[in-house]
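K.L.:
Going line by line, the protein sequences match chains F and H. Residues are numbered in the numbering used here as their position in the first sequence, beginning at 1, plus a constant of 14. Residues are numbered in the numbering used here as their position in the second sequence, beginning at 1, plus a constant of 8.
Since the hints were derived computationally from the structure, they do not count as laboratory data. In this text, a Cβ means the ideal position worked out from N, Cα and C, and glycines have one as well. Among these hints, one or two may not hold up.
Computed, partial: chain H to chain F, Cβ under 10 Å [to be verified]:
| # | residue |
| --- | --- |
| 1 | Ile193 |
| 2 | Leu240 |
| 3 | Glu247 |
| 4 | Glu248 |
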Amino acid sequence: MTIRKLHAAALALLLGASPALAQDKILNVSYDVGRELFEALNPQFQTYWKDKTGNDVTIDQSHGGSSKQARAILEGLPADVVTFNQETDIDVLAQNGLVAENWREAFPNGASPYYSLPAFLVRKGNPKGIKDWSDLARDDVQAVFPNPKTSGNARYTYLAAYAYALTQEGGTPEKAQEFVAKIFANVPVFDTGGRAATQTFTERNIGDVLITFEAETKGIAAQYADQGYESVTPATSLFAAFPVAVVSENAEKNGSTEVSTEYLNWLYLPQAQETLAQNHYRTTDETVTAKYSAEFPEVKLLTVDEVFGGWDKITAEHLAEGGILDQVFVNR
Amino acid sequence: MTAPIRAKRVLPGFSLSLGTTLLYVALVILIPVVALILKGAEIGPARFWAIITAPRTLAALRVTLTAAALATLFNAFYGLLMAWVLTRYDFPGRRILDALMDIPFALPTAVAGISLTALYSANGWFGAPLAGAGIELVYTLGGVILAMTFTSIPFVVRAIQPVLEDLDPALEQAAMTLGARPFAIFRRVVLPAILPAWIAGSTVAFARSLGEFGAVVFIAGNLPFKTEIAALLAYIRLEEYDYQGAAAIALVLLGFALILLVLSNLMQFRAARHLEARS
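Using the sequences and the accompanying hints, generate a full structural model.
P.N.:
Here is the structure:
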């Protein structure tokens, strides 16, 4: 028995608590719109963990903007695991020594148990006939997406549109920049987060197309079924990883390394993958992917590495203050 | 010879309560402000200057100051009116109206922002008729002003109210019997009495508007150079992990707030001295 467990036992005796001494506990710090997803997943893992080890596990959830969550961890939020929608936010933790440098290799598929891609949500019957990225640059189309400076999901929108233009015939960085600037010029509002942009599109009736992760577009279409929104997956889009990592420094301190690692590994197992697919995320387990294939149109997925040469380059060239994104944003 | 009499205090425990107050002020107000200033000092004057004179920062500051000034002007007028009605008249529902005044304090500002946006957007209750008349508030500077007005109005009302309550109506009646016209009564009897409180309330409302974030970002549309407020720009810099940029912008806002408070105190001091000289 470790000292830690002795302490726990003493405390349990003192409080007259139930004899179940083995109480594992982890804090999962996650992105904003993952709240419902993890509310669905966590009870399943609790059962799985109980069956496997006989221990109870409590999973605390903290949700917010991905970068804001990363900053909170830097400033002391004792996260055991992170499940983000933004690789750069885990990179920041890695740079500060909270997460292992090679976190992408710690789990399969670049430590992304599920993924998504920027897609479109259009109004009933798709009156403007929006099918692909090129439609967004039309003068008669108003696109709604959040502020790419404050929302990871809008950063993907920007990158996907840029990547689309770049990979078209005769695509050059200049042309891609022009193309993205055209889309930005027709954005009426820049909300600070994905949920607010959804509200703008659905409740305030602003814009012809909402651009967000495919998982969101399908979720909104289901949630507002009576209004007949349609989810449109463009033929080309950008692979959006939903990266996970153990915050090793905290996990070691909390003695939760084992359960944290298991928790993230479990996300790759069929049971979790089913739930993920039901929540409209694309999955990595082949059987589950095949089972739900009708739900997810085929799409040519570009990756950040092949189009942009990795996140470091994107951060330096596009996202930094005064970078390409700022120029497009400001000269809209 | 008697021993020197120690001044009796009404309430006991002065040193303890003062100590607690100072500790609290230091922990909750001073240390964060000092941390912010130290963070700003790290930047170095050249970089600091470059950040705050960047066109985008200047535009955001201009939007923030313009909107806060207009919101404060509106509140100074309307807040005085509200305080006047609440103290000088008795009518059914006065107490409810009085309680409603505190709603902007109690409501989370993000909720206020979302509600205002829903009400004033082109398909909202107030927004639809306004849009018919060609007035757009949501996602324009007007929306920013609206949100700031909403969140800062109680500061003005609650500052003037107690002074008006203490002001003896007999003074006004006396002035009236001496033949003064209503406006002269207001200017020479009421105004001097409430002026310090009015200035103080309006200044705090202004300072609050400068820093307002939650309510504004929902209604502003956040278009750079048009409706992007300084607090949002500071937030954007944080999202970029640019702590220095955020600190520089925050310091400018803090500077404005401090200047305002000093000016307000000076004006209150002068108004009070003026009042004393006359009496």
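K.L.:
Please flag the earlier hints that this structure goes against, numbers listed from lowest up.
P.N.:
1
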